[in-house]
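Q: As you go down the protein sequences, you meet chains L and U in turn. Offset between the first sequence (1-based) and the working numbering: plus 184. So that you can map any letter, position 38 of the second sequence is 23 in the working numbering, and since no number is skipped, the others follow by simple counting.
Just so you know, these hints were derived from the structure itself, not from any lab. Some hints could be false.
For each label pair, taking beta carbons as the anchor points, the in silico distance ranges come out as [as the list claims (entries may be wrong)]:
{"id": "1", "chain 1": "U", "residue 1": "Gln103", "chain 2": "L", "residue 2": "Arg263", "range": "47 to 57 Å"}
{"id": "2", "chain 1": "U", "residue 1": "Leu145", "chain 2": "L", "residue 2": "Arg263", "range": "46 to 56 Å"}
{"id": "3", "chain 1": "U", "residue 1": "Ser29", "chain 2": "L", "residue 2": "Asn268", "range": "22 to 32 Å"}
{"id": "4", "chain 1": "U", "residue 1": "Trp11", "chain 2": "L", "residue 2": "Phe398", "range": "55 to 65 Å"}
{"id": "5", "chain 1": "L", "residue 1": "Gln456", "chain 2": "U", "residue 2": "Lys9", "range": "15 to 25 Å"}
{"id": "6", "chain 1": "L", "residue 1": "Tyr223", "chain 2": "U", "residue 2": "Leu148", "range": "35 to 45 Å"}
{"id": "7", "chain 1": "U", "residue 1": "Pro(-5)", "chain 2": "L", "residue 2": "Ala346", "range": "55 to 65 Å"}
{"id": "8", "chain 1": "L", "residue 1": "Arg263", "chain 2": "U", "residue 2": "Val31", "range": "19 to 29 Å"}
{"id": "9", "chain 1": "L", "residue 1": "Val428", "chain 2": "U", "residue 2": "Lys9", "range": "27 to 37 Å"}
{"id": "10", "chain 1": "U", "residue 1": "Leu15", "chain 2": "L", "residue 2": "Val281", "range": "49 to 59 Å"}
A virtual CB, placed ideally from N, CA and C, is assigned to each residue, including glycine.
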Amino acid sequence: MPALSYDPQPFFKRGPTPLARFIFFSLLSLAMLFADGRYGYLENVRLGVAVVLGPFQRAAMLPGQAWDVMAAYFASQTRLSEENQQLRQQLLTQGAVVQSAQSLLQENLRLRGLLQAHVRAAGNDIMAEVLYLGRDPFSQKVYVNKGSANEVKAGQAVIDDAGVVGQVTRVFPAVSEVTLLTEKDHTIPVKVERNGVRTLLVGAGTGHAPELRFMSANADIKSGDVLVTSGLDGTYPPGLAVAVVAAVERDSGLMFARITCRPLAGVDRSDQVLIVAAPQAGLPPRPEEVADRELPKRPGKGRRGR
Amino acid sequence: MAIPSINLPPLSAARPEEILRPPKPWFVLLTLLAALLLNLLPWSGVWLALKPDFLALVLLYWCIQQPRLVGVGTAWSCGLLMDVGQGALFGQHALAYALLGFAAEYFHRRVLRFPLWQQAAHVAALLVCCMLLVLLVRVAGGAAPAEWSNFLGAISGALLWPLTSIVLQWPQRPPPSPGER
């Protein structure tokens, strides 16, 4: 006996069935995922959609901004005067530092001139304000209020008053996306300020401290060491403070030490940031890549020093 | 002349046998845009964890209620907007929302027969599937796996379902006939 079908025969023409449409659109999404994730082909499309989405994003910011304005208006007088006092003291203490820094800068310039070393172009730094955090609880991103209209370029380093915050990863006309140094697998070449040991600081994702990977168990690193950018990548200017070593675990069973760090900058707190000009301009071009077989084996992605 | 407020339908769930008027396309578009705006609000901290995906919720409502007007294609385009809004990989929300649209179209005849709280259970399952799909794509793309707290959004979304459907179907309900009072 034939089973009763609950689906009525289509009476009106309705185009392809939902299943066909679902398969079509999911294949399209998968293709886009690959094109975007693997090859980065779709940045122009993203830019176009972002232009359409821009007014909505700004509109969504309005209630928060209105709240901030109200809060600032009603901020108590005492808090403001306290803050003023604090800022004055800071200004005094830092005035001395700035003056000595001026003379050091001059001296440095002269010495570098002597050495014909590369001088970092000063004055191209862009002050920016954090608009909002990424809406994505899985990734560590913030959006700042300067974009390609202000000549921000992808790849520039972003710092706050205490140290490196992250790196500009996408630039839209009026905003840009900054990936924080706590983002999983976000890598910054650093060196230990105390003894100049070079290494890489790798972010470990939301809620985990960034760590130094592939450091041999006997590396000369102690907890409390300050890490500064080494400038070897040509992306981050050398000498910016990045993090302080929080803990060093040496397990004789493992090849590498497990070193966790605490970022110095207010990575998830700072409102004002500085987008630093890339120091690339004066660097000589990279030498040609040597064929793979001549290179010593580097640790691949699959081997993690844990 | 009658006072217009007398003819307004009650602000409660429509009975299954009640015939709703077809929604205006601009109303559907407006609600979708409003949901997108809610999603784009700068949520943070606990609220971000608790935040339901408003756009998925409203999409689900229209896909169930009006499968011929809002379907897989609309859901997919909304997903693209979310991808750009979140700065995520292109296509992950699009894929998840397309699944949502398909599931809603598949279930729409059945779901509307249930009372609102049982509909909410269906919705919770669909939202969790949607989140799992996004998560799968992320983990395949090398992101850190999520914690259980990331699924709170699906639960809060399901809790908001009765409110969402009452609000969204209110303009479509016919004014009660005088005999019914």
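Q: Output the numbers, in ascending order, of every earlier hint that fails for this structure.
A: 2, 5 and 9
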